[in-house]
Structures are given as structure tokens and as C-alpha cells.
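What follows is each chain in one-letter form.
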Amino acid sequence: MSTTASAATEAAASDRAGASRRQGTFYRGDPGMWSWVLHRITGVLTFFFLFVHVLDTALVRVSPDTYNEVIETYKTPIVNLLEVGLVGAVLFHALNGIRVMLVDFWEKGPKFQKPMLWTILAIWVVVMIPGAFFMMKRTVEVMFGGH
Amino acid sequence: MSELALERPRAPKRAAARRSNFELYSWLFMRISGLALIVLVLGHLFIMNILDGGVHRINWGFVAGRWASPFWQFWDLSMLWLAEIHGGNGLRTIIDDYARKDSTRFWLKIVLYVSMVLILAVGTMVIFTFDPGISAN
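Residue numbers (our numbering), protein chains in the order written: chain G, 13 to 159; chain L, 366 to 502.
Just chain G, same shape as in the assembly (with noise of 0.2 Å):
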């Protein structure tokens, strides 16, 4: 009884002293909570824009008139820009679902969670950089004149 009163005690007050809960066993404020929340937000982006893709591809049954002209809008500056921004998405999705694999399965998965966080999102950076740059470059010579 008194051992775990005494416990939670101790839990309330490294609650509060804030720095070194975060080396205690708190998952929240963990750069691993902030993954979760990000895994939950792109995963929900993905599978709206999933809806939307859908019902668009599908009116290559309606007419190719009609599919040219909607597939022309992705072309377009800003829709481009949020295909980066879906790329990205899906691309963070994709990697932390991997270190979310090797947490649960690995087993020095839990030890490593958090350099493997940096690790992703490193590899995350450096494939976006030229993802971004190839997949924006027509339109943008498109927008400044070009062929």
C-alpha cells in the first residue's frame, strides 16, 4: 500500500520537473509521441486524397475529354505543389510504418526508436530534396516560359 502510494508520489513529481521525465518510462513529449501524431496526420491526408483519386481516374470511363481536362489541374502550379506536399506525406508514412515494424518485431527495436526516428527522417530529407526539385521542374519552366 505505502510502496505504491510512494510510487505514484514519485511519478507526479518527475511529472512536474519536466526534463527529466523524459528519461524516465513517459511516452509523452517523447519525439516518439510527436512520430505517432504525425503518422496518424498523414495517414488520414493519404486516405482522403485516396477518395478523391479514385473517383477522378474514374472518369477515363466517362470520356477522354473529361479525364484529360481534370488530369490537366494537376499540372497546375499549386496542385503540383500539394503533390509534393502528398509525396512527402506518404513518404513519412511509408518510413516510420517501417521503424513502427521494427519497434514491434525487432528486438532491439524499443531501444532504438528514437535514432531510428532521426534516421528517417534524414533519409526522408535527402529523397525529397531531388523529389521535389523533379517533380516541380517542368511546371516551373512552364510558368516562367519555357517549352
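Hints listed in this document are in silico derivations from the structure and should not be mistaken for laboratory results. Heads up, some of the hints might be wrong.
As the list claims (entries may be wrong) - So the derived list for chain G, only partly shown, Cβ under 7 Å to chain L, looks like this:
id, residue
1, 73
2, 87
3, 89
4, 109
5, 150
We treat Cβ as the ideally placed atom computed from N, Cα and C, and that holds for glycine.
Got chain G sorted already, so can you dock chain L onto it with the hints?
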């Protein structure tokens, strides 16, 4: 008591006899489908957005050319089903986490399941009944 303590954290909400392994299978499905989707979706995004001029080369003729091949039909069909169920299951979890009232939870899930059936039906129908001949009209 501390605010951190959970009241009866392991108390089952339903009688043990009625519990199923559904959540275990859904957890496992998320990981297996996720693994397949890494290849299917990242491949799709790379081909559509980056390869050979990216999105600027896509039009009706491009889609018709792709779906002339059973390989891409199979790719897109598996991607559609796995992504829709993976995403739908993720959204189901989110609704369970955040809906406060049982009625809200119920109706949000009805909307979710209807949208999933709609997308799977429309998407599957389009891939299977696509007719490259309509360009002639």
C-alpha cells in the same frame, strides 16, 4: 491517487467469452499490407510524378496504354484494395480513439464503411471494364 493512474486498466469491457481476435488480425493486417504498399505506392508515385516528365505526360491515352497490360491492372487493383482497407482500418482506429459519444462513433463508422465500399466498387469496376475503344467515338 495520481492523475496518471488508470482505473482498472485491464478490466474487459465485454464478457471474455465474446471477445474475438479481430483486433489482433487488424494489427497484423496493417503491417503486412503496409509492407506491400511501400512497394506498390512508392513505385506508383515515382512512376507517375517523377519518371519521364512526371505528371505532365499523363492523359487519357497514357492511362489506356498502361491498363492494356495485365501487370499494371493487377498492380493498381492490389494497390486500390490494400490502400483502401489499410486506410479505412486506420481511420476506424482514429474514430474509436476520439469519438466521445457512442452515437457519433456509430455514424462516423457508417460514413467510413459506405465510403470504402463506394471507392472499392468504383475503382474495381473502372479497372476491369475500362474500354480503350471509347476514344474512337
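Status of the hints after comparison with the structure:
1. 73: 5 Å, holds
2. 87: 5 Å, holds
3. 89: 12 Å, violated
4. 109: 5 Å, holds
5. 150: Holds, about 5 Å.
Of the numbered hints listed earlier, the single one contradicted by the structure is hint 3.
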